[in-house]
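Participant: Residue-level listing of the chains:
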Amino acid sequence: MRSVYERKPLPFELFEVNLLEASEEQLMRISEEMGLALSLKEMKWCKRYFSEKGRNPTDVELQTIGQTWSEHCFHKTFKGITLMDGRRIRLFRDYIARVTEELSPNWCISVFKDNAGIVEFENGYAIAVKVETHNHPSAIEPFGGAATGVGGVIRDILGVWAKPIANLDVLGFGPLNFPYEDLPPGIKHPKYIFRGVVAGIGAYGNNMGIPTVAGAIHFDESYVGNPVVYCGCVGLLPVSSYVKSTRPGDLAVLVGGRTGRDGIHGVTFASLELGEESEEVSRPAVQIPDPIEEEKLRRAILRVRDKKLASGITDLGGGGISCACGEMAREANCGIEVELDRVPLKYSDMRPWEIWISESQERMFLSVPESNVGEVIDIFEEEDVEATPIGKFVEGGALKVFFRSWKVGELDLKFLFSPPVVRRKAKWQLPALREPRFKERDVEKTLLELLASPNVASKEEIIRTYDHEVQGNTVLKPLHGRYGGPSDAAVIRPLSNSWKGVVISCGLKPRYGKIDPYWMAASSIEEAIRNNVAVGGRRIALLDNFVWGNPEREEQLGSLVRACRACYDFAKIFETPFISGKDSLYNESPLGPVTPTLLITAVGVVPDVRKIVSVEFKRAGDPVYVLGRTYPELGGSEYYSLLGLVGRSVPRVHPSKAKASMDSLMRAIEYGIVKACHDVSDGGLGVALAEMVLSGDLGVDVDLREVPTSGIGGRRDFIMFSESNSRFVVEVRPGSEEEFESIVKADYALVGAVTRRRALVIREKEKILVDLSSGKMREAWKIRYG
Amino acid sequence: MVKICVIRVGGTNCDEETKRALDELGAVCEVIHFKKIVKGKKKLSSYDALIIPGGFSFGDHVRAGAILGKEMKYVLSKELKRFVEEGRPILGICNGFQVLVEADLLPGFGGGIPQAALAINDSARFECRWVYLRVESGGKCIFTRGLKKGEVVSMPVAHAEGKFVFPKGKEEEYLKKLVGGDQLVFRYCNDRGEPARRKYPENPNGSFYDIAGICDPTGMIFGMMPHPERAAFGIQLHNWTEMEDIPEYGDGMSIFRSLMEYLGCGG
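Chains A and B supply the protein sequences, listed in that same order.
One point on numbering: in my numbering, the residue at position 33 of the first sequence is 33, and numbering is uninterrupted.
To get my numbering, take the position in the second sequence, counting from 1, and add 786.
The following block holds chain A by itself, in its conformation from the complex (with noise of 0.2 Å):
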């Protein structure tokens, strides 16, 4: 038998691969040397393609279906079939798809399709928006992984033609003060990995004059070996600008930096557990970030959607110039042929399939009419951005490879995207958890070390490393008002001639995977739109981002199985469809897989920005109300885990109660009685009340007794710091309350008024239980992370 690799007689390094001959054992070989990451059924499906054309593949048609068929590129989990308790289940379809369709709202323009998101905004324009995670690059390179994953969740929004206006960041960290002897060899302290993304982020968006407004840290153990790196951006477009019509005959442009052997593999990378070898071996397939290139890159692409003059586009990311190529002609129902050759090098001696599937940072490519070419690529010399024409879209539906005029590949689209189906058994059971039983602590004190508790406390000196002010458009701003509040949402104003406002929020709940991943995604969602309805926010769209572990573990499938779930459920009662998301999964380390992880990003719109509301208390004298109910739901909140517990008491989302608080407060902000909001969330009632005193002039005098409870039984340790869903505090404009409480159709109460004095008083009738200074909590609360 012929050896398994075959160097082609060729002028530059080719081989060819005895797929043909080769045994089982053989094809899994094959995989795992040349970094393909396919399971032995996707190899065999290879084997059987090629056996129909009668001839072995080359390196470069084999690397193409490894890019293609990746977990990180086709989403083979969420489209596959997973089989749980007797019944067959297709995640994308069955679940997040199915919101959207059956909600099929008329303001959504794209979903799921492109690059990103596409909601309808204001005068002929639209919003666009796109969440990604780099989590694996992060972990081995931590400023270059975020760094890049905040440049390739810019390059889809521009690939859907829109100019980015905002980011937004929700970083998940192991505890800073991990004892460093525990660490597993080859896993970076997350002091360290902490710091170089943060860097990274904040490097990025702030060279590119993007404004980071949004954005969340979570620190928790099992995000000690594998860091949680979301990115996303916001973007803007003229409806008429979306343009989709590659036509055979248009000539592909590569354009942007060049191409490297930095980010070879990072697909497949992604698609495996991190180990002790990571470093070493997957250390090329973090990418080099250079966001001056990209700021450059989009002026000019900006300028050639504004003068029509390319018919299509798309970002290169994952997998590189083989999966936009691919992609591309698939979606245009035509074929493409590429000539390596003429892709601008970082290094002359590049291997073909290195150029391939190279995910080299700051690149695009564009489907332009012959007759354009010329004026766009003087578009982009102005700019000081390279741009070649690299191939051409033609009839029929073959990818073909060309370097030197040698071809060196050519595979059907058609098989390339369909992929054998993956089919998977899913099993799941609560965990063994017990509701722990305590005497009630003291409140105040309390209270002040959950201000302080990193999870809680301020994020400033974070914040302000991100610019969230450039373009002049954040009217609320992640830190708002004298003090720097932290606001539930931010709100961008993107067009000068309207006062319509993009409200940007997020929903995360780690803690509560613990228990159980339906309620944590549900509280997940919740959370999101509370947090977008707090400010005035309306007409929500939802994006879907989930970081589990190794989806071929049946009880890691399993809690999949009920995040999604739960996701169905519960965006269809809030009617608020899933315009976009993305799926990472094999977040494990030698420290096992991170704690089930479901990013909720909401994306609302306010008619005019004078009127949202923020946090900060506005008068003394005004009457406070708490909307919503508190039920002694303490599984996976602050407070626990302050003592070290989890419980299993997980907030719970009750349907209908939790719609009629939403909309309660919708009417009470459109009606401007609104002065003040604040969402009750993480450390519960004290900790909303404390950071509204914080964030401003004033103080709050509140009674406990009068808070609107079930079955807590008197326990004020678990009314100030349950964390029940659907509750929050509201500054009333003197006068209005009987209008305020004839539209509120939730439960709520009148607990309380605003004060001259800048405290946070709380009582239970003549009997102060936390009576704490604005300048004691603020001391508290802005804590350093180093």
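Among these hints, one or two may not hold up.
Straight-line C-alpha distance at most 25 Å; calculated DSS-like pairs for lysine-lysine [unchecked claim]: (1) LYS805(B) to LYS307(A); (2) LYS400(A) to LYS244(A); (3) LYS500(A) to LYS805(B); (4) LYS821(B) to LYS307(A).
No wet-lab data here; the hints were simulated from the structure.
Quick caveat: nothing in here was measured; it's all calculated off a predicted structure.
Add chain B to chain A, keeping to what the hints say.
Facilitator: Only chain B this time, still in chain A's reference frame:
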């Protein structure tokens, strides 16, 4: 009709909001790539004022503003000199201020090499925050003529390299010169207008003598680290939600309004 050139290169990114503030005042504002001026495709002389906006020109490689500063100095120095002599003002905001210092146009003491620098912040971090500024100009700087000496204004800063320093050993001498020549325009202060005395975060970067903005000896060239274009409209303010009525404009607009008034287009 007042024509204003907002210059840009790769990495510039505050051009649009700067133009928006000027458009509001009725200026005809064009954002022009620096290359076009160097190649003679656009003439500086066809504009009444020049603004170098914020951003990261050429990636701030070497030092913030260094490359564009040197390009301006060695490629355009004659044209810029004539520009100012003909009564056309130049404003540098944030990165633009860094560029003007690197180009040796500020503080403009002469001597052929830069006599000041905008160094890395004392916090060693990028800082995006609102600060208070006290007007120190006695009237020489044409960009603050709409403000009274001693008045306190508020705007945001957003930079990693904004610590104004003079050469070691020359601090007092140069400060005297700066103050004596009415070239000191803005100092960081607290909300009551008392100097920050290098205290963080009132002085966000550790600037010598709390210096936030200076002009050249003619008062025609002005550089400042804070961003007036991000405080031009009331809705941009960080505390507008605390106000009973949202003001139409913020303090930043006074910089652009003073420029327009100087150019004979006040109102």
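Participant: Where does the structure disagree with the numbered hints, that is, which hint numbers, in rising order?
Facilitator: none
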